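K.L.:
Each chain, letter by letter, is given below.
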Amino acid sequence: MFMDGGRGLLDQETAKPKNLSDTFKRFAVYFHKYWFAVVMTFVLLFAGVWATVELPYVTEQAVDCYIVPNIQSCTYTTVPAEWTNPATAIEGEALGQRLAGVGTLTLVGVGLLVVNSVLVGIAFYTMRYAGQNVIRELQRALFHQIHRLSLGYYSRNEAGDIMSRVTNDIDTLQQTFGFALLQVLSSIISVVWIIIVMLQRNWQFALLSLSIVPVMLVTTFYFSSQARKAFRRARAEIGSVNANLQESIAGAREVQAFNREEETIAQFTTSNDANRAANVRAALYTSALSPVLEALGYVSLGIVVVVGGLGLLGQLPFIDKATLSIGLVIAFIQYSQRASQPIAQIALLWANVQSGIAGGERIFSLLDEKADVVDLPGAKVMPPIKGDISFEHVSAEYTPGEKVLNDVTFEAKAGQMIAFVGPTGAGKTTVINLIPRFYDVTEGAVKIDGIDVRSVTLDSLRRQIGIVLQDTYLFSTTVMENIRYGRLNATDEEVIAAARMVEAHPFIERLSEGYQTVLGERGGGLSQGQRQLIAIARVALMNPNILILDEATSSVDTRTERMIQAAFEKLLKGRTSFVIAHRLSTIRNADQVYLLKDGQIVEHGTHNELIAKQGAYYDLYMSQFKQQEEVTTVETVNAASLPALGD
Amino acid sequence: MQAAVSPGRGSARPVKAPRRSSPLVRAIGYLRNQRRSTIIALTALLIATIVQLLVPQLIQNMFIHIGEGYRADALLSIQPDFARQAALLLAGENVDNLVTTRNVASQLLVNSAVIVVVVAIFRGVFAFIQTYMAENTSQGLAFDFRNAIFTKISRLSFSYYDRNQTGQLMIRATSDVENLRLFIAQGLLGAVQAFLLLTLTLIILFVTNARLALVVVAILPLTFILFAVFGSLARPLFAEVQKRVSALNTILQENVAGIKVVRAFVREREESRRFYAAADGVYEQQLKLGRTFSVLFPTIFFIAQVGSILILGAASDPIMRGELTLGDYQSFSLYLTLLFIPLGQLGFIVSLLAQASASAERIFEILDAESDVKEKADAIELAEVAGDVTFRNVTFRYFNSGDAVLKNVSFSARAGQTIALLGSTGSGKTTVINLIPRFYDVSEGSITVDGHDIRDLTIDSLRGHIGIVLQETNLFSGTIRDNIAFGRPDASDEEVMEAAKAAAAHDFIMSFPEGYNTAVGERGSTLSGGQKQRIAIARALLLKPNILILDDSTSAVDFATESRIQKALDTLMKGRTSFVIAQRISTVRNADMIIVLDKGEVVATGTHEHLMEESAIYAEIFNSQLVGDAAPEKQEA
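Line order of the protein sequences matches chains A and B. Numbering-wise (my numbering), the first sequence opens with residue 31 and increments by one. Numbering-wise (my numbering), the second sequence opens with residue 3 and increments by one.
For the record, the hints were derived by calculation from the structure and aren't laboratory data. These numbers come from a predicted model, not from an experiment. Possibly wrong hints are sitting among the right ones.
[Stated by the list, open to error] With a straight-line cut-off of 25 Å between C-alpha atoms, the simulated DSS-like cross-links for lysine-lysine are:
(1) K569/B x K433/A
(2) K643/A x K627/A
(3) K400/A x K262/B
(4) K443/A x K600/A
(5) K290/B x K477/A
(6) K410/A x K262/B
(7) K569/B x K627/A
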């Protein structure tokens, strides 16, 4: 079954479950619905194992009753005494009877095999049926949870981490429920049953025949755990090979621009070599596992035959000759073969079952993660937003005790454009994240048209707010569908109209397939500016009541930005908008500018008021021009800009 | 394509004409480098297989001894005495001889058992050598392939990266190589072993007893057919499961990575519907696979076992007639299990083979890829550069097809000048600067540096004179120092520090506890956008390049930082031929020449004063920034 010596199974990330009984209880809840399939699986497995355990007995009876008749050990039928005399030739009627007897038993054997195959086949399906249903329910629950979890969770955990946890753990469960668990169960049942049967038949012979089993168990567990350890080291190496590769492909432009090809190749070869060495070291154990098991299997075969043979000849003091027969020796050969195969399987698959349980544990812990931003009981539907927004003594923190915003109070009147400026980490993005309730405030309140955002449903609130984020996320589908994400029932014409409005149409048209161009991972293939334009078109199509732009035009050239602004001014007539920008051309038109620093509002007013005040904003603003002056000795700059600043 | 194009590049495609042998055969050819371990593995395989075939023979011997002893013992055990004597007489034996026979049989039985143990150990050792050396061989092969792929992709031109996503290239260097490795380690040797075992076992079976062997031979073709059916049924089912699982994961991926967008647009319900549908798809396919397997597995299991039972029925007649011993039967049924092992292996190998040949094809696709940008055989080493850069009627199309991204662009930059490129998003600014270090080659026209066509120069010497700060900063894992010294790993600490100071990066670097030895995470994730940018500037500055290219995007930084960066850039540009893509008007104003691009064409060139009078587009761009940057009154005007 495992022609690679189980290498594939050993080279898997394995983890030991921490809280076994809790996880079992959780799984039991999920499996409870499919109890019938689970019970069926067990019943079928037991019946199937019974059929195979009976097989050696059938062979034994064929030998002891007909081929080499033995009155004592033939229990299937009564053996005529004359058949037992080895000196008598077998012929005539006796031969016919004896051949017919063997024939019947052969058919019984085939019948038992058929029964076993059918039962195990059905058990395989019932197990899979229950398993797949549980997996599907877990998937749904996980997906639901992904949408419920607060954004805080996503900022604490990397997206890639969450993803790989979800997909890998589900994958492990898939293997466990689809195959490994059933194999382990049926192997355990077989081994235990066979050992019991052997002991019942002849305990002295059984103990000697089974003497190799503990050795097998110990070697298997030893080699597989050593191999796993070696593979864990190898995985770290392959991880560094992959990181190296990833980095060099992603940074290929820099590598070439700086003529660093030779060095990177040399570096890669080194880590590649380390990876090879680690894998070869791991192979030392995996390569040993199946030859050792096979050799032990042959040794056990030898032991059964020699012990059985000597016993038959009355040469062993502790085995009564009368309790043995040639048929029993042949049956024991089959028993011991049937017992040693499952032992290897249990050892190889056991870790997979463990990983499955550990995977389940991680899935449950993700499901248990508390979602803090949820509809409160009795949340109402947000009426159409007019656009008065107020922050009342708002504080917010991502990690308890570390305030990102501290007592922020401001008010925006309907139709105003509000700009937030300030250094990185001042809390600008946090402020705007609170408006659509991506996070909840820890103190104070955010109110829209006098209604606390926490008292309305998230759906009704967010549907009215259009937001373009700093890090534009595009889906790997067509440009058309990416824009349509803003309003799913929009027609193609409406999508194009939105793209035209935000000046995205000209470049989209020049893409190889126009609006039908499929974007790669994370919108790859487009420049940062182009990605931003698509994200802006998406919001334009949505036609929101409140618009939030978080550095949304940072990579768009100023002329296009002007045109976008003009378009939004028309679109959002009388609606409120919030802008985070570092570019002055964006900020200057704002009705109010708030300068944030360390989570607090330091200054606010219109651009001109703030300049006149000659405070922090003025300093920030001037710093650009001061240094420009140093480089620029052209008077026109002074003429064009400085007087305006002085106003 | 024009005449000046290097011969290597021009003739690259036609040369490909002669058909190469199949990718898998080519891949196997790489075993040349692993000759020693391959030969050891094959030798060990041969010995291990032959030794393995001895085991049933030895067991048979043991049964022969048991049979002899048993007969003697049975005769000696007959009660009462007169009956025993009659039987002895009938069989022509006497008591002494029988006792000796029984004792000799016991002794021989023990001896044979010892031989079995010795043979088992012997077989184990060689099986181990075989597996271990096969693993060694395949790891060596994978090592060679990964190196070859890496070397190749390090040298491919940018257009290759435009066409191929990082993820896809990664898969080729990792899972495709692994597939190939598995095939070499298990498939190739496994096939040799399977055929060897199959042939030898069949020969032994026929020699032992042709009649019984015929029973087995009758089952064989049936097994082959079943494995073929199994393969052809299971493969498309598996492929479909894989397809559906990856569709499901894509939705998951999008929802995790784009969670903010999903929430902002309140698309949870639609996304859930999409996900549920995909999950149902996986579920149904898994059950379908389950149904197929629940028929196929038991059938195969049945076939593999039924032989040993049927053999009992078929052997009983010759045994009772005395034509066959029980030992023969026992060894026969042991050989039978040896016969079914290779059959299972072959089924497995066929699936490995299909996978490996697809993987080999993908790997050779990379290894055979021709770089669009090639060095001429007689390329000149450019020792010194003054910095004159001239574009002559340059037209550029990506992949040499589709719409021209640049059309007929001509301009000339004197050494030491600052050239500003201006234009809207997608107008071709970045393309212009990508052509100078030959990240791409022009489709038509030419670019010269100090009068040399850049295609006549060695790529290393050309790029060695160019310092570049790209739009999206990419840092490498390692320390900050390593990153700054990326272009010149031999630079002294003083030089690195000097470059960092000039790039306004020294202060923030020193604010880290580890200073210049601070590790930069994967893709520089521990640094802010502005900090990364300044490190990239320091990196370019350290090269002391004569030509400087700044695809200046300060989008990621707040404006206090931006002004610091700006200052650093201005210092950097002094005395060098600089190409700047700038959003800032002050940089543009000071430029010696401003090139205004629109839809890939140069619509105006000249100094600021000149353009303000001559170019409507320039004036418009200038005003859009000026309005923002300086004069609110003008908005109303």
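K.L.:
Look at each hint and say if it fits the structure.
P.N.:
Tested hints:
1. K569/B x K433/A: With a Cα-Cα distance of about 34 Å, the restraint between K569/B and K433/A is violated, given a limit of 25 Å.
2. K643/A x K627/A: holds, 17 Å
3. K400/A x K262/B: Roughly 18 Å separates the two Cα atoms, so the pair holds.
4. K443/A x K600/A: Satisfied, since the Cα-Cα distance of roughly 18 Å is no more than 25 Å.
5. K290/B x K477/A: Violated, because 53 Å separates the two Cα atoms, which is more than 25 Å.
6. K410/A x K262/B: Holds, at roughly 23 Å.
7. K569/B x K627/A: holds, 24 Å
In summary, the numbered hints that this structure violates are 1 and 5.
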